[in-house]
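Student: Top to bottom, those sequences are chains A and B. Note that this note's numbering gives residue 123 to position 74 of the first sequence, counting from 1, and the numbers run on in steps of one. Note that this note's numbering gives residue 100 to position 51 of the second sequence, counting from 1, and the numbers run on in steps of one.
Treat the hints as calculated values from the structure; they're not laboratory data. The structure displayed is predicted, hence computed values, not measured ones. Please note that the accuracy of each hint is not assured.
Which copy is meant is left open, because identical chains are indistinguishable; a pair holds if it fits in one copy or across any two.
As the list claims (entries may be wrong) - Distance condition first, Cα-Cα at most 25 Å in a straight line; then the derived PhoX-like pairs of lysine-lysine:
1. Lys404 with Lys198
2. Lys327 with Lys393
3. Lys72 with Lys410
4. Lys55 with Lys327
5. Lys393 with Lys289
6. Lys55 with Lys195
7. Lys284 with Lys352
8. Lys253 with Lys207
9. Lys207 with Lys412
The chain contents come next:
2 protein chains.
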Amino acid sequence: MPDDFKVTPYDVEGVVDYERLMKHAGLEQVSDKMLDRMKKHAGELHFMLRRKIFFAQRDLSWLLDEYEKGNKFYLYTGIAPSGAMTFAHLFNFIFNQWLQEKFKVDMYIQIPDEEKPLIRDVTFEETHRLAYEDILNIIALGFDSKRTKIFLDTEYAKTMYKPAMKIAKRITFSMIKDSFGFTNENNVGSIFYTSMQAVPAILKSIEEGKNVPCLIPCGVDQDVHFRLTRDAVSKLGYYKPAGLYSKFMPGLSGVKKMSAHSPNDTIYLNDSPEVVEKKVQKAFTGQQSTAELQKKLGGDPEKCAVCQYYKFLFEPDDKKLEKIFEGERSGTMLAGEHKEHLAKTINKFLEEHRKKKERLKDKIEDFVVRD
Amino acid sequence: MPDDFKVTPYDVEGVVDYERLMKHAGLEQVSDKMLDRMKKHAGELHFMLRRKIFFAQRDLSWLLDEYEKGNKFYLYTGIAPSGAMTFAHLFNFIFNQWLQEKFKVDMYIQIPDEEKPLIRDVTFEETHRLAYEDILNIIALGFDSKRTKIFLDTEYAKTMYKPAMKIAKRITFSMIKDSFGFTNENNVGSIFYTSMQAVPAILKSIEEGKNVPCLIPCGVDQDVHFRLTRDAVSKLGYYKPAGLYSKFMPGLSGVKKMSAHSPNDTIYLNDSPEVVEKKVQKAFTGQQSTAELQKKLGGDPEKCAVCQYYKFLFEPDDKKLEKIFEGERSGTMLAGEHKEHLAKTINKFLEEHRKKKERLKDKIEDFVVRD
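Produce the complete structure using the sequences and hints provided.
Tutor: This is the structure we're talking about:
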């Protein structure tokens, strides 16, 4: 790992240089050719692909080769509950839902409700409750209940435990130590956990008794788990899962990865309209200190949290996004109106989202599988 | 651990000095006072207690205090399948069955079918098959189906996984490394596994929603797991399980711990009468090289595998055992007849055992619990 930043599932520090991160991790970028192939099958390209928010991949060409041969992949992603869900979690599921719909594929969503209790001060009881909040937020995005399986590790452990053990046999403490920066003082649950996160990458192959390609779209921090997964499952005779990894959605203060642990740096899906307004008002824009200076010197949309919120989620139209960015650069977009408009857009989204959740609150059982 | 011998669940080496082992592990001996108390409740003392085959304990006085207050304990023991069952495995279950019957208590039997695949070259499929062979051997000893629960880890993982994770959070790799002599090259499954073996020690407390005392009668090599278990579960607010630990049944070649991995050093419960005879014929007795010398000098029953088979299993009557031992010491018992008699006794036991298994082969499901 480079000295000036750090990316693991448990720790993102410093300003992430995605180019160097890819090189270090042996990741490759999502090429224009790959995007063309995806567009051909999907009929369109999601803005998160066009904007290279999902920027890095493993074995995506192979996955598309298989798809074109009629060997459909399935999707696997997840979320480890530790607090209320934020947009930084949600955008990945929005993208996964799009993939499911456009490629007409099955989706496995793991909710590892044991992961965070193993490494943080949160109880299993709390993550269990949060898991079901997360599930409602996820299904409200439009996943197809006939094609989607959602499971909590603690409720699906009978199914997952044996394959997890087979994987665990192929992972040494040395490998975990090197990958996560763990020490001898780490608890043995956290050391073992990667084996559970690996299982959904082969679960459909186990169910069907034959190899099924798997694509894992998720945040690039999770690649540490999946690098180990790929080696271990291939030793067991399974396909290595392909990966499609996103950058981190910046926090409101302009920090690198939006963290669910700094309440003012992030918008929770259950924030009230007033709280959303207040948080957006305080967001970092990088604009100049006065309206006058701003008009004269402009700002940098790549550093402006408000612009990034549009880029990651709230302005799917590239032309409109460019207009927002240009307004920031040229100084014609002033912080006040900039923020007011974003807060409105977010609150409109959340209002719709709440309605969808209300409609789906009795449908959770259509998605959840248990032992 | 002393330099000249080693006792862990995965490795028993050298000549075990039980006194020094107890001191090293912080174990206490089973005192005459404890035996008196047990006799009072049981109405008799099992010969394995009288002979101090179950020689060491943790918190046995406390357990008896609770029992006398009306706070009944439950028993927990287990077997990790890796090959056919031997007498070295069986004697522990014979003792547990006696405890269940005499103290009228519940019994939890864990079959950790993942443990050996994690550390040896045996498959999960093989241990699953062996697990059910073991269960039939165990229930043939007379366990009460109304008071006994038997479970395979892979089949009971949904029940066990969450408590295992809570325990795993309280065990560091340092602790595992020190306890088992593991290195960074150990796989993360083997490092985690102790957490699963710990669970049955609190399972009844979880089920009943209140603390229930637990007694673990098993081989002393397992104490390494249970020392860690005791610390971890007490941090979670549960009683520390009490332990009652046995010495190792010697192998036929007079080796310290009977190993299921030296086929000629051990008798399998599925050995044919002819194989039993052949193996016993080759057993080490420590007797003199000729009948004449033997009559003159005698032998040492503590070193004679045949005498030890009687002591551990096949001569419950202390007076008769003493007669056998005296015959060995005085040289009046010759190796030939000594062995012939043992082979007959073993074959008689095995014939009865096979009949009991035949009668119970459809009753396995009365004992097994699954998720």
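Student: Within a copy, between copies, both or neither: where do Lys207 and Lys412 come within 25 Å Cα-Cα?
Tutor: Intra 24 Å, inter 24 Å, cutoff 25 Å: intra and inter.
Student: Given identical chains, is Lys55 near Lys195, meaning Cα to Cα at most 25 Å, within a copy, between copies, both, or neither?
Tutor: neither (39 Å within a copy, 56 Å between copies)
Student: Which holds for Lys393 with Lys289 at a C-alpha limit of 25 Å: within a copy, between copies, both or neither?
Tutor: Answer is neither; intra-copy 43 Å and inter-copy 57 Å both fail.
Student: For the identical chains here, do Lys284 and Lys352 meet the 25 Å Cα criterion within one copy, between copies, both, or neither?
Tutor: neither (43 Å within a copy, 46 Å between copies)
Student: I want to check one pair: Lys327 and Lys393. Are their C-alpha atoms no more than 25 Å apart within a copy, between two copies, both, or neither?
Tutor: within (12 Å within a copy, 88 Å between copies)
Student: Between copies, within a copy, both or neither: which fits Lys253 and Lys207 at Cα up to 25 Å?
Tutor: both (15 Å within a copy, 19 Å between copies)
Student: Between copies, within a copy, both or neither: which fits Lys72 and Lys410 at Cα up to 25 Å?
Tutor: This pair counts as neither: shortest intra-copy Cα distance 43 Å, inter-copy 60 Å.
Student: Can you tell me if Lys404 and Lys198 fall within 25 Å by alpha carbon in one copy, between copies, both or neither?
Tutor: This pair counts as within: shortest intra-copy Cα distance 23 Å, inter-copy 48 Å.
Student: As a check of your reading, is Lys55 near Lys327 (CA-CA no more than 25 Å) within one copy, between copies, both or neither?
Tutor: neither (31 Å within a copy, 65 Å between copies)
Comparing the model with each earlier hint shows violations of hints 3, 4, 5, 6 and 7; every other hint is respected.
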